[in-house]
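Q: Let's have the full structure, built from the sequences with the hints guiding it.
Which chain is which? The protein sequence lines are A and B, in order. When we follow the numbering used here, the leftmost residue of the first sequence carries the number 16, and every step to the right adds one. When we follow the numbering used here, the leftmost residue of the second sequence carries the number 16, and every step to the right adds one.
Mixed in with the good hints, there may be bad ones.
Treat identical chains as interchangeable: a pair holds within one or across any two.
[To be verified] For lysine-lysine, the following PhoX-like pairs were computed, each having C-alpha atoms within a straight-line distance of at most 20 Å:
no.: 1; residue 1: K119; residue 2: K169
no.: 2; residue 1: K63; residue 2: K75
no.: 3; residue 1: K63; residue 2: K89
no.: 4; residue 1: K166; residue 2: K177
no.: 5; residue 1: K152; residue 2: K166
no.: 6; residue 1: K153; residue 2: K63
no.: 7; residue 1: K75; residue 2: K134
no.: 8; residue 1: K75; residue 2: K119
no.: 9; residue 1: K75; residue 2: K166
The hints are simulated quantities; they were obtained by calculation from the structure and are not laboratory data.
2 protein chains.
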Amino acid sequence: MKRIAFLLVAVTVVAGVLAFTAPASGRADEQASPIYGVTIPPGYRDWKLIAVSEIAAGDKSQLRAEFGNDIAIKAFQQGTLPFPDGAIIVAQHWMKESSPENDKVLAMVPMVAGRDSPKSFVPGSFINMQVMVKDSKKYAASGGWGFGDFKDGKPGDEALTKTCFPCHQPARDHDYIYTHYAP
Amino acid sequence: MKRIAFLLVAVTVVAGVLAFTAPASGRADEQASPIYGVTIPPGYRDWKLIAVSEIAAGDKSQLRAEFGNDIAIKAFQQGTLPFPDGAIIVAQHWMKESSPENDKVLAMVPMVAGRDSPKSFVPGSFINMQVMVKDSKKYAASGGWGFGDFKDGKPGDEALTKTCFPCHQPARDHDYIYTHYAP
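A: Right, here's the structure in full:
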């Protein structure tokens with residue numbers, strides 16, 4: 016456990032999350048999800064894209080992007096199931112916002128042939144991000160996946176984190192992953 | 016011109032677009048956009064993500080992803096304007112499709128607090144991709160950008176390609192780029 020804690024601290028320092036003068040002990044665990052101990056992978060925003068998606072829910076709609084580390088991307092591209100240990104998938108969620116700037120252009124040059132006037136939507140404020148880490152031994156009780164849900168860099172509480180695996184269970188035929196690779 | 020044609024052929028060969036036995040002469044130009052001679056950048060699908068977006072137009076709505084090469088991504092992340100020569104931006108457009116599989120899960124576990132039932136949308140069939148290449152000398156007449164619009168790997172015709180720059184002109188204060196980097 017000490018070694019794992021040390022690694023977590025190291026990773027967190029690399030990510031620049033810890034202030035230089037912050038005490039190292041304990042801080043790493045505060046940034047890890049309950050139950051699974053999953054942390055935000057450093058540099059994930061620059062990872063390759065698996066797919067984009069949308070959750071439409073009135074004025075609370077989201078635009079989403081799913082990123083994968085190289086192990087996850089390779090598995091997606093080659094159709095490998097189950098995902099190999101070490102695969103990490105990150106889903107990032109933004110509020111879906113109207114873009115009046117883009118709408119003005121669309122009104123001049125209809126880029127999309129449709130019966131309705133096309134409207135542009137873009138990522139607004141950052142909502143949350145979710146992380147899934149594959150480790151078939153460590154997370155054997157949850158399909159081989161560890162879960163974390165982060166808002167403002169802080170992991171959600173135990174009650175929230177408990178909902179992750181049940182929500183992914185219906186996708187068990189695809190190793191608990193809903194996202195398909197967008198060609 | 017001969018040197019440019021050679022480079023285009025080389026790039027196209029790397030991309031695996033040319034069949035091994037195909038005659039090299041002429042083929043590269045067929046894959047390049049009219050007016051600008053812009054080609055599909057090899058490996059762009061694995062580039063870093065600038066942002067995601069949506070064009071909503073009834074049953075012809077699109078989900079979109081904008082990718083940048085390292086020069087473009089660095090400029091976006093650092094807020095550099097105008098974009099440096101060598102920057103390439105690719106926009107990829109998919110039909111927006113409903114996901115009944117995801118909707119079943121959302122019905123069980125409302126992931127989005129909203130007055131409407133959340134619905135999931137994912138990338139469907141590939142529509143087209145658009146490429147912008149920054150070369151302030153070569154493309155001085157079009158704000159320093161060369162344009163290409165590709166469907167099934169083939170560039171659109173001259174009439175279509177002529178619409179690119181006028182459509183981007185209203186964004187001249189942001190070096191003709193509409194997309195903002197999604198944090």
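Q: Regarding K152 and K166, is the shortest C-alpha distance of 20 Å or less found within a copy, between copies, in both, or in neither?
A: neither (27 Å within a copy, 45 Å between copies)
Q: For K153 vs K63, is the C-alpha pair at or below 20 Å within one copy, between two copies, both, or neither?
A: neither (26 Å within a copy, 30 Å between copies)
Q: Pop the pair K166 and K177 into one bin, within, between, both or neither, using alpha-carbon distances up to 20 Å.
A: within (16 Å within a copy, 44 Å between copies)
Q: How do K63 and K75 come out at 20 Å by Cα distance, when the copy is not named: within, between, both, or neither?
A: neither (27 Å within a copy, 27 Å between copies)
Q: From the Cα coordinates, with 20 Å as the cut-off, is the pair K63 and K89 best called within, between, both, or neither?
A: both (10 Å within a copy, 16 Å between copies)
Q: Is the C-alpha distance from K119 to K169 at most 20 Å within one copy, between copies, in both cases, or in neither?
A: Neither. Shortest intra-copy (38 Å) and inter-copy (29 Å) distances fail the 20 Å Cα cut-off.
Q: Could you figure out if K75 and K119 sit no more than 20 Å apart (CA to CA) within one copy, between two copies, both or neither?
A: between (23 Å within a copy, 19 Å between copies)
Q: Check K75 against K166 for me: Cα-Cα at most 20 Å, and say if that holds within a copy, between copies, both or neither.
A: Answer is within; shortest intra-copy Cα gap is 16 Å, inter-copy 33 Å.
Q: One pair to classify: K75 and K134, alpha carbons no more than 20 Å apart. Within, between, both, or neither?
A: Both, since 17 Å and 11 Å are each at most 20 Å.
Checked against the numbered hints above, the structure breaks hints 1, 2, 5 and 6 and satisfies the rest.
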